[in-house]
Amino acid sequence: MTETMLSQDLVRNLAIPPRPEIVTVLFEEMSRDEPDLGRVGQKIAADVGLAAAMLKVANSALFGGSGRARSVSQAIDLLGMRNVSSIATGLVIRHSLGGKDAALQRFWDTAEKVAMVCAYLARALRGIPVDEAYTLGLFHDCGIALLMNRFPNYRETLARANRAADRSFFSVEDDEIGTNHGAVGYFLARSWCLHDDLCNAIRWHHEPDVFTDPDVDDTVRSYVGIIHLAQHVQHRQMRSTTDVEWSKFADAVLAHFALGEEDFINLVDGAQESLPEH
1 MTETMLSQDL
11 VRNLAIPPRP
21 EIVTVLFEEM
31 SRDEPDLGRV
41 GQKIAADVGL
51 AAAMLKVANS
61 ALFGGSGRAR
71 SVSQAIDLLG
81 MRNVSSIATG
91 LVIRHSLGGK
101 DAALQRFWDT
111 AEKVAMVCAY
121 LARALRGIPV
131 DEAYTLGLFH
141 DCGIALLMNR
151 FPNYRETLAR
161 ANRAADRSFF
171 SVEDDEIGTN
181 HGAVGYFLAR
191 SWCLHDDLCN
201 AIRWHHEPDV
211 FTDPDVDDTV
221 RSYVGIIHLA
231 QHVQHRQMRS
241 TTDVEWSKFA
251 DAVLAHFALG
261 EEDFINLVDG
271 AQESLPEH
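Oh and the sequence shown: position 69 is 69 in the numbering used here, straight run, nothing missing.
Calculated directly from the structure, the hints in this document are not laboratory data. Wrong hints could be hidden among the right ones.
[As the list claims (entries may be wrong)] Okay, the calculated beta carbon distance ranges per label pair:
1) Asp33 to Arg160: 26 to 32 Å
2) Asn153 to Arg126: 40 to 46 Å
3) Ser73 to Arg155: 39 to 45 Å
In this text, a Cβ means the ideal position worked out from N, Cα and C, and glycines have one as well.
When you get a sec, could you build the whole thing from the sequences and use the hints?
Here's what the structure looks like:
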(Lines of atoms letter the chains of each structure in order from A; the text may use other names.)
(Lines give C-alpha, C1' and ligand atoms only; values in the text may rest on other atoms or scores of the structure.)
Protein backbone atom coordinates (compact mmCIF):
# COMPACT_ATOMS: atom_id res chain seq x y z
CA MET A 1 0.00 0.00 0.00
CA THR A 2 1.40 3.37 -1.02
CA GLU A 3 2.03 5.70 1.91
CA THR A 4 1.94 9.49 1.84
CA MET A 5 3.81 11.17 4.67
CA LEU A 6 3.01 14.61 6.04
CA SER A 7 5.89 17.02 6.41
CA GLN A 8 6.17 18.84 9.72
CA ASP A 9 5.79 22.16 7.89
CA LEU A 10 2.52 21.03 6.34
CA VAL A 11 1.22 19.72 9.67
CA ARG A 12 1.93 23.09 11.30
CA ASN A 13 0.24 24.99 8.47
CA LEU A 14 -2.87 22.81 8.38
CA ALA A 15 -4.09 24.04 11.77
CA ILE A 16 -5.22 20.56 12.83
CA PRO A 17 -7.51 21.12 15.83
CA PRO A 18 -6.65 19.48 19.15
CA ARG A 19 -8.96 16.83 20.51
CA PRO A 20 -11.95 18.65 22.06
CA GLU A 21 -12.62 18.31 25.78
CA ILE A 22 -15.87 16.43 25.20
CA VAL A 23 -14.01 13.77 23.20
CA THR A 24 -11.42 13.47 25.98
CA VAL A 25 -14.20 13.04 28.54
CA LEU A 26 -15.87 10.37 26.42
CA PHE A 27 -12.65 8.38 26.09
CA GLU A 28 -11.98 8.68 29.82
CA GLU A 29 -15.44 7.40 30.70
CA MET A 30 -15.34 4.62 28.11
CA SER A 31 -12.17 3.32 29.76
CA ARG A 32 -13.89 2.98 33.14
CA ASP A 33 -15.66 -0.16 34.32
CA GLU A 34 -18.62 2.03 35.29
CA PRO A 35 -18.81 5.16 33.12
CA ASP A 36 -20.22 8.29 34.75
CA LEU A 37 -23.20 8.87 32.47
CA GLY A 38 -24.13 12.01 34.36
CA ARG A 39 -20.76 13.60 33.58
CA VAL A 40 -21.09 12.67 29.91
CA GLY A 41 -24.63 14.05 29.76
CA GLN A 42 -23.61 17.34 31.36
CA LYS A 43 -20.75 17.83 28.90
CA ILE A 44 -22.93 17.13 25.88
CA ALA A 45 -25.83 19.25 27.17
CA ALA A 46 -23.46 22.19 27.70
CA ASP A 47 -22.94 22.36 23.93
CA VAL A 48 -26.34 23.32 22.53
CA GLY A 49 -25.46 22.39 18.95
CA LEU A 50 -24.03 19.01 19.91
CA ALA A 51 -26.98 18.26 22.19
CA ALA A 52 -29.48 19.02 19.42
CA ALA A 53 -27.56 16.90 16.92
CA MET A 54 -27.34 14.02 19.41
CA LEU A 55 -31.10 14.10 19.99
CA LYS A 56 -31.73 14.12 16.24
CA VAL A 57 -29.58 11.03 15.79
CA ALA A 58 -31.01 9.26 18.85
CA ASN A 59 -34.53 9.72 17.52
CA SER A 60 -33.70 8.63 13.97
CA ALA A 61 -34.97 5.32 12.65
CA LEU A 62 -31.42 4.24 11.83
CA PHE A 63 -30.63 4.05 15.52
CA GLY A 64 -33.97 2.57 16.49
CA GLY A 65 -35.37 5.86 17.72
CA SER A 66 -39.04 6.73 17.81
CA GLY A 67 -38.99 10.33 18.98
CA ARG A 68 -38.86 9.30 22.62
CA ALA A 69 -35.63 11.08 23.56
CA ARG A 70 -36.43 14.59 24.77
CA SER A 71 -33.20 15.19 26.68
CA VAL A 72 -29.54 14.25 26.41
CA SER A 73 -29.84 11.88 29.36
CA GLN A 74 -32.72 10.08 27.62
CA ALA A 75 -30.65 9.89 24.44
CA ILE A 76 -27.81 8.29 26.38
CA ASP A 77 -30.22 5.78 27.93
CA LEU A 78 -31.61 4.89 24.48
CA LEU A 79 -28.31 4.71 22.62
CA GLY A 80 -25.95 3.35 25.26
CA MET A 81 -22.54 4.69 26.14
CA ARG A 82 -20.67 3.14 23.22
CA ASN A 83 -23.03 4.61 20.63
CA VAL A 84 -22.99 8.00 22.35
CA SER A 85 -19.19 8.07 22.41
CA SER A 86 -18.83 7.24 18.71
CA ILE A 87 -21.65 9.48 17.53
CA ALA A 88 -20.62 12.51 19.60
CA THR A 89 -17.02 12.20 18.40
CA GLY A 90 -18.25 12.22 14.82
CA LEU A 91 -20.66 15.11 15.35
CA VAL A 92 -18.12 17.38 16.99
CA ILE A 93 -15.79 17.19 13.98
CA ARG A 94 -18.01 19.59 12.02
CA HIS A 95 -17.83 22.18 14.79
CA SER A 96 -14.06 21.80 15.03
CA LEU A 97 -13.39 22.06 11.29
CA GLY A 98 -16.46 23.99 10.16
CA GLY A 99 -16.28 27.61 9.21
CA LYS A 100 -18.80 29.88 7.54
CA ASP A 101 -17.66 29.31 3.97
CA ALA A 102 -20.66 28.19 1.90
CA ALA A 103 -18.68 25.42 0.21
CA LEU A 104 -17.65 24.02 3.59
CA GLN A 105 -21.24 24.15 4.82
CA ARG A 106 -22.33 22.11 1.78
CA PHE A 107 -19.43 19.73 2.36
CA TRP A 108 -20.56 19.01 5.94
CA ASP A 109 -24.22 18.74 4.94
CA THR A 110 -23.18 16.06 2.46
CA ALA A 111 -20.98 14.35 5.06
CA GLU A 112 -23.95 14.10 7.43
CA LYS A 113 -26.04 12.43 4.72
CA VAL A 114 -23.22 10.03 3.89
CA ALA A 115 -22.91 9.20 7.60
CA MET A 116 -26.61 8.35 7.80
CA VAL A 117 -26.28 6.10 4.75
CA CYS A 118 -23.21 4.43 6.28
CA ALA A 119 -25.29 3.67 9.37
CA TYR A 120 -28.11 2.24 7.23
CA LEU A 121 -25.68 0.06 5.28
CA ALA A 122 -23.99 -1.21 8.44
CA ARG A 123 -27.36 -2.29 9.79
CA ALA A 124 -28.30 -3.95 6.49
CA LEU A 125 -24.99 -5.71 5.85
CA ARG A 126 -24.40 -6.75 9.48
CA GLY A 127 -21.06 -7.37 11.11
CA ILE A 128 -20.18 -3.65 11.21
CA PRO A 129 -21.09 -1.57 14.28
CA VAL A 130 -23.65 1.04 13.27
CA ASP A 131 -22.14 3.72 15.50
CA GLU A 132 -18.69 3.27 14.00
CA ALA A 133 -20.07 3.37 10.46
CA TYR A 134 -21.79 6.65 11.30
CA THR A 135 -18.59 8.12 12.75
CA LEU A 136 -16.65 6.98 9.69
CA GLY A 137 -19.16 8.66 7.40
CA LEU A 138 -18.57 11.98 9.14
CA PHE A 139 -14.80 11.59 9.45
CA HIS A 140 -13.66 9.90 6.24
CA ASP A 141 -13.26 13.11 4.21
CA CYS A 142 -12.33 15.42 7.10
CA GLY A 143 -8.95 15.98 5.46
CA ILE A 144 -10.74 17.80 2.64
CA ALA A 145 -12.00 20.46 5.05
CA LEU A 146 -8.48 21.04 6.35
CA LEU A 147 -6.98 21.19 2.86
CA MET A 148 -9.67 23.59 1.63
CA ASN A 149 -8.57 25.99 4.37
CA ARG A 150 -4.89 25.52 3.55
CA PHE A 151 -4.73 25.60 -0.27
CA PRO A 152 -6.68 28.33 -2.14
CA ASN A 153 -6.90 26.25 -5.33
CA TYR A 154 -7.63 22.92 -3.66
CA ARG A 155 -11.20 22.83 -4.98
CA GLU A 156 -9.81 22.71 -8.52
CA THR A 157 -7.60 19.79 -7.45
CA LEU A 158 -10.68 18.02 -6.07
CA ALA A 159 -12.56 18.56 -9.32
CA ARG A 160 -9.70 17.07 -11.34
CA ALA A 161 -9.38 14.13 -8.94
CA ASN A 162 -13.11 13.45 -9.19
CA ARG A 163 -12.87 13.30 -12.98
CA ALA A 164 -9.71 11.16 -13.13
CA ALA A 165 -10.90 7.83 -14.53
CA ASP A 166 -7.42 6.42 -15.16
CA ARG A 167 -5.68 7.49 -11.94
CA SER A 168 -6.39 7.13 -8.24
CA PHE A 169 -7.97 10.10 -6.50
CA PHE A 170 -5.07 10.30 -4.05
CA SER A 171 -2.43 10.30 -6.80
CA VAL A 172 -3.92 13.47 -8.31
CA GLU A 173 -3.81 15.19 -4.91
CA ASP A 174 -0.27 13.95 -4.21
CA ASP A 175 0.99 15.33 -7.51
CA GLU A 176 -0.66 18.73 -7.12
CA ILE A 177 -0.34 19.54 -3.41
CA GLY A 178 2.17 17.01 -2.09
CA THR A 179 -0.30 15.13 0.12
CA ASN A 180 -3.88 13.86 0.05
CA HIS A 181 -6.99 14.11 2.17
CA GLY A 182 -6.68 10.49 3.30
CA ALA A 183 -3.26 11.11 4.85
CA VAL A 184 -4.42 14.35 6.46
CA GLY A 185 -7.63 12.75 7.76
CA TYR A 186 -5.63 9.83 9.16
CA PHE A 187 -3.39 12.26 11.05
CA LEU A 188 -6.42 14.01 12.57
CA ALA A 189 -8.18 10.74 13.42
CA ARG A 190 -5.08 9.41 15.17
CA SER A 191 -4.65 12.63 17.13
CA TRP A 192 -8.28 12.31 18.26
CA CYS A 193 -7.65 8.67 19.27
CA LEU A 194 -10.06 6.95 16.91
CA HIS A 195 -9.28 3.25 16.80
CA ASP A 196 -6.84 1.86 14.25
CA ASP A 197 -9.35 0.30 11.84
CA LEU A 198 -11.24 3.57 11.42
CA CYS A 199 -7.99 5.51 11.03
CA ASN A 200 -6.71 3.12 8.37
CA ALA A 201 -10.02 3.20 6.48
CA ILE A 202 -9.74 6.99 6.36
CA ARG A 203 -6.13 6.74 5.20
CA TRP A 204 -6.76 4.20 2.42
CA HIS A 205 -10.33 4.77 1.23
CA HIS A 206 -9.24 5.88 -2.27
CA GLU A 207 -6.36 3.40 -2.59
CA PRO A 208 -7.01 0.96 -5.46
CA ASP A 209 -5.10 -1.87 -3.74
CA VAL A 210 -7.05 -1.80 -0.48
CA PHE A 211 -9.10 -4.90 -1.41
CA THR A 212 -6.13 -6.95 -2.61
CA ASP A 213 -3.27 -6.02 -0.28
CA PRO A 214 -2.86 -8.97 2.13
CA ASP A 215 -1.66 -6.64 4.87
CA VAL A 216 -4.98 -4.77 5.00
CA ASP A 217 -7.33 -6.04 7.70
CA ASP A 218 -10.70 -7.32 6.51
CA THR A 219 -12.50 -4.91 8.84
CA VAL A 220 -10.75 -2.00 7.13
CA ARG A 221 -11.94 -3.34 3.76
CA SER A 222 -15.50 -3.45 5.07
CA TYR A 223 -15.24 0.15 6.25
CA VAL A 224 -13.84 1.27 2.88
CA GLY A 225 -16.57 -0.65 1.09
CA ILE A 226 -19.26 1.04 3.17
CA ILE A 227 -17.77 4.45 2.35
CA HIS A 228 -17.92 3.78 -1.39
CA LEU A 229 -21.43 2.35 -1.23
CA ALA A 230 -22.63 5.34 0.80
CA GLN A 231 -21.01 7.84 -1.52
CA HIS A 232 -22.57 6.08 -4.51
CA VAL A 233 -26.00 6.34 -2.87
CA GLN A 234 -25.44 10.05 -2.23
CA HIS A 235 -24.25 10.47 -5.83
CA ARG A 236 -27.48 8.92 -7.09
CA GLN A 237 -29.54 10.99 -4.67
CA MET A 238 -28.03 14.12 -6.20
CA ARG A 239 -28.94 12.70 -9.64
CA SER A 240 -25.39 13.05 -10.90
CA THR A 241 -24.73 11.23 -14.15
CA THR A 242 -21.23 9.76 -13.81
CA ASP A 243 -19.77 8.33 -10.61
CA VAL A 244 -16.11 7.89 -11.51
CA GLU A 245 -14.98 6.62 -8.10
CA TRP A 246 -17.70 3.98 -7.96
CA SER A 247 -16.67 2.69 -11.38
CA LYS A 248 -13.17 2.11 -9.97
CA PHE A 249 -14.28 0.29 -6.83
CA ALA A 250 -17.66 -1.28 -7.66
CA ASP A 251 -16.47 -4.78 -8.56
CA ALA A 252 -14.21 -5.08 -5.51
CA VAL A 253 -16.84 -3.71 -3.11
CA LEU A 254 -19.62 -5.97 -4.39
CA ALA A 255 -17.32 -9.00 -4.26
CA HIS A 256 -16.22 -8.15 -0.72
CA PHE A 257 -19.81 -8.04 0.53
CA ALA A 258 -20.90 -10.93 -1.76
CA LEU A 259 -23.63 -8.76 -3.26
CA GLY A 260 -25.32 -9.89 -6.44
CA GLU A 261 -26.95 -7.40 -8.80
CA GLU A 262 -30.43 -7.73 -7.30
CA ASP A 263 -29.10 -7.49 -3.73
CA PHE A 264 -27.12 -4.40 -4.68
CA ILE A 265 -30.12 -2.69 -6.30
CA ASN A 266 -32.33 -3.42 -3.29
CA LEU A 267 -29.65 -2.20 -0.89
CA VAL A 268 -29.09 1.06 -2.76
CA ASP A 269 -32.82 1.68 -3.19
CA GLY A 270 -33.40 1.14 0.53
CA ALA A 271 -30.53 3.44 1.44
CA GLN A 272 -31.84 6.16 -0.88
CA GLU A 273 -35.28 5.92 0.67
CA SER A 274 -33.72 6.43 4.10
CA LEU A 275 -32.45 9.87 3.07
CA PRO A 276 -34.51 13.06 3.14
CA GLU A 277 -35.14 14.65 -0.23
CA HIS A 278 -33.33 17.84 0.76
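Hint-by-hint comparison with the structure:
1. Asp33 to Arg160: 26 to 32 Å: 51 Å, violated
2. Asn153 to Arg126: 40 to 46 Å: 43 Å, holds
3. Ser73 to Arg155: 39 to 45 Å: 42 Å, holds
Checked against the numbered hints given earlier, the structure breaks only hint 1 and satisfies all the rest.
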